[in-house]
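Chain residues, written in single-letter form:
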Amino acid sequence: MSRARSNIQVLSRLLATTSQPVYLLDDRRILQYCNPALCDWTGLDAGRIQSARCDYHTGVDGNEVMRIAAGLCPPPEVFEVGALSGLVGFRRDDGSSTQRLAHFVPLSGADADASLLLAIVASHDAERKPGDSAPSVPTSVANQLHARLRELRNALGAQHRLEQLVGESPAARRLREQVSVAVQTGAPVTICGPAGAGREHVARTIHVARATGHGGIIPVDCAIVDVASLEAALQALRKSLSDAGQPPAVVSLLLLDLDRLTSECQTQLLRWVAAPLPGVSLLATAGRSPLALARHGEFQGALAMALSVIEVELPRLVDRPDDIRLLAQLLVEQQNARGQRQLSGFVPEALNLLSAYPWPGELDELTQVVNEAVAHCPGAVVGVSDLPASIRAWGQAQHRLRPAERPIKFDDVVTELQRELITSALARCRNNRAKAAERLGLSRARLLRLIEQLGLVAPSPDWDPVVDEEADSPAPPRASNRPPEASDSMPSQPTTEGLTASEARPNFWEVDDGGERG
Amino acid sequence: MAEARARLLIWERHGIWSRAWRSASTPTACRVHELRGAVEVEPLLETARASFIAIECDLANWESRCHAALKWARDYGQVRFAMLACPELVPLEPWFREIGAVDVALELRDLGRVARLAQRHLSRYRPADLSPVQRCLERWGWLPEFKPDHERTEWNS
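For the protein sequence lines, the chains are A and B, in the order given.
When the count follows my numbering, it moves up by one through the first sequence with no breaks and lands on 551 for the last residue.
When the count follows my numbering, it moves up by one through the second sequence with no breaks and lands on 544 for the last residue.
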């Protein structure tokens, strides 16, 4: 008896002093024991982590204990196949993540039904080689996918936190309050606001912050979805719900641009909403309030009421100019966090310009402008000259008269089109005018007349063959007089005057916008 | 903000999905730009910020593809993307949707559904900013087709 007590004391002392976290799970995956090293690693008291259930999922959760317990869960097959190794880890509250190699050993008791699982975790984080996407651990493909998914979900969740909704204006404060209410209630929420104002970001923030939600989120773009696609998305939702585990798992269905949903899809969605699956949270974004649309008969009232229990209104940037400075600074710091270059912010003149700009594209446009400015900024502070030309031009346009618009010259456009068509057809047909005429649907005589009228010379034999897919011979080198191409395919060829082809050739649809962004 | 332009981009290795896409599309459907790597996609997004990207992925490259898709969705707010996944990635379908994929095709017969989504998305935006002459040439398929470069190293794979 005394020998047994002595062994227990030795074991207790060993477990208390080892730097390796050790914990014990029962067959229901409830954490029955953990040593001090595990408490140190997780930052949780033994009283908080013990008796937590470790479910095997990768969801992002606002509840710290559930999130960490999920990170400690062994692969489910451990009770079937015996001892194995795997990665355990979790995201800390500061956004950083930790991952360690763990050895899981199933222990069978005297009672055959009862079993325990001993987990011994490495004392240091798993090392990664540069370029490796994941630490190399000899586990199954499914376990590797699970580990990577957990990391990716954590990283994604870290981007959508309440602290990211910055602003000191009354509108921004009201937004945060509304979001807090939405998070606490768990009721269906519709976020209304202009496009580009960050509606989806707010919706995802609510999803991440809801304490009971550790499932995924399934977005549906209502502006383009049809009945078949909606059904596929709902199937994915059911699958995500079954993957997330037992309740209180919550999977969110995020309906983007709800006000643009077709009537057929509204009917289908209404049928689904009438008998929703347990554990599904409904979030939606809209340019116009569905309730307001329903009042005018432009949206199904029952669906609007079911989805808009709480309406969160997103303010426009132009209505909160003071927040623009904070948001611009936040965006610069997000860039700092991503890259190696570190910038302190903007000079006051640049901030004034950003605050005065009307931002028709809302937050999306601000993000784009700040990213471009940061990319072009040579120093540590973004100046006015680093801002995109469109913003600077807008600033200058405030102080000068709008120039006259340049008219389109119809005859020039038609002549140019004729020239391009004939030249391309000749090139494709290897200067065979009869074939070119046939290709263009012209008589040969008319083609010759047009060639003469337009003053076209026969294309050189080394004409660009890229367009000539029917050519039998090998492709000769590309010439500089190739037809104007879509700017997407390859860089414009320089001309003899030092201009690019697109610059040398007038673009007849290009209209001076008078310095305003379109 | 300048009006967004849109293109239909398919990023895949071997052209199988592109061929199927073309055959599933009507003659008036948008032109398919077949691309072999992220380095080819980026410049096109710069000039067509509301493009629809269909991204092929398999067990070896799904993660890098997800990172690229997330980055584009972040940098180009109007971009929409769909995943063209191999059957082994069925468990990841909810995840692909979670990061913003409007649809996930797990086999070729799902392609029609994705193509319809793409067509509806692209119809919301003007086509790429071409001159009238280029627009006419493209309408008749006379502009140089994209020639996917198999020699290029694929980004992150």
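Note that these hints are calculated values from the structure, not bench results.
Keep in mind it's a predicted model, so treat the numbers as computed, not measured.
You may find that some hints are simply not true.
What the hints assert, rightly or not - Across the chosen pairs, the derived CB separations fall in these ranges: (1) A:V351 to B:A416: 52 to 60 Å; (2) B:D445 to A:T131: 45 to 53 Å; (3) A:A430 to B:P474: 54 to 62 Å; (4) B:R496 to A:A220: 53 to 61 Å; (5) A:R206 to B:P474: 48 to 56 Å; (6) A:G320 to B:P474: 36 to 44 Å; (7) B:P474 to A:S156: 39 to 47 Å; (8) B:R409 to A:R328: 41 to 49 Å; (9) B:G499 to A:R293: 16 to 24 Å.
Said to hold, decoys possible - Part of the chain B face toward chain A, derived, beta carbon under 8 Å: (10) R406; (11) G424; (12) V426; (13) E427; (14) E429; (15) C453; (16) R467; (17) W482; (18) E494; (19) R496; (20) R500; (21) L504.
All C-beta atoms in this analysis are idealised placements derived from N, C-alpha and C, irrespective of residue type, glycine included.
Verification of the hints:
The supplied range of 52 to 60 Å is broken by V351 of chain A and A416 of chain B, whose beta-carbon atoms lie about 38 Å from each other. Separated by about 29 Å at the C-beta atoms, D445 of chain B and T131 of chain A break the suggested range of 45 to 53 Å. A hinted range of 54 to 62 Å holds for the C-beta pair A430 of chain A and P474 of chain B, which are about 55 Å apart. A beta carbon spacing of about 39 Å between R496 of chain B and A220 of chain A contradicts the range 53 to 61 Å that was offered as a hint.
For R206 of chain A and P474 of chain B, the Cβ-Cβ distance of about 49 Å falls inside the hinted range of 48 to 56 Å, so the restraint holds. Restraint check, G320 of chain A to P474 of chain B: a C-beta distance of roughly 38 Å satisfies the suggested window 36 to 44 Å. For the pair P474 of chain B and S156 of chain A, the supplied restraint of 39 to 47 Å holds, since their beta-carbon distance comes to about 40 Å. For the pair R409 of chain B and R328 of chain A, the beta carbons lie near 45 Å from each other, so the given range of 41 to 49 Å is met.
Between G499 of chain B and R293 of chain A the CB atoms are about 22 Å apart, so this pair conforms to the stated range of 16 to 24 Å. For R406 of chain B, the interface hint is violated, the least distance from its beta-carbon to any beta-carbon of chain A being 15 Å, above 8 Å. At its closest, the beta carbon of G424 of chain B sits 15 Å from a beta carbon of chain A; the interface hint therefore is violated under the 8 Å criterion. Below 8 Å, beta-carbon pairs count as interface contacts, and V426 of chain B has none with chain A, the closest being about 13 Å; its hint is therefore violated.
Here the hint on E427 of chain B is broken, as its CB sits about 10 Å from the closest CB of chain A, past 8 Å. Taking 8 Å as the C-beta contact cut-off toward chain A, the hint placing E429 of chain B at the interface is violated, the least distance being around 11 Å. Interface hint status for C453 of chain B: upheld, as the beta-carbon distance to the closest one in chain A is roughly 7 Å, under 8 Å. Because the smallest distance between the Cβ of R467 of chain B and any Cβ of chain A comes to about 7 Å, under 8 Å, the interface hint for this residue holds.
Interface hint status for W482 of chain B: upheld, as the beta-carbon distance to the closest one in chain A is roughly 6 Å, under 8 Å. Interface hint status for E494 of chain B: violated, as the beta-carbon distance to the closest one in chain A is roughly 12 Å, over 8 Å. Restraint check, R496 of chain B versus chain A: the minimum CB separation of about 12 Å is more than 8 Å; hint violated. At a threshold of 8 Å, the smallest CB-CB gap from R500 of chain B to chain A is about 5 Å, leaving the interface hint in force.
Nearest Cβ of chain A to the Cβ of L504 of chain B: about 5 Å, under the 8 Å cut. The hint holds.
Of the numbered hints given earlier, the model fails hints 1, 2, 4, 10, 11, 12, 13, 14, 18 and 19; all others are met.
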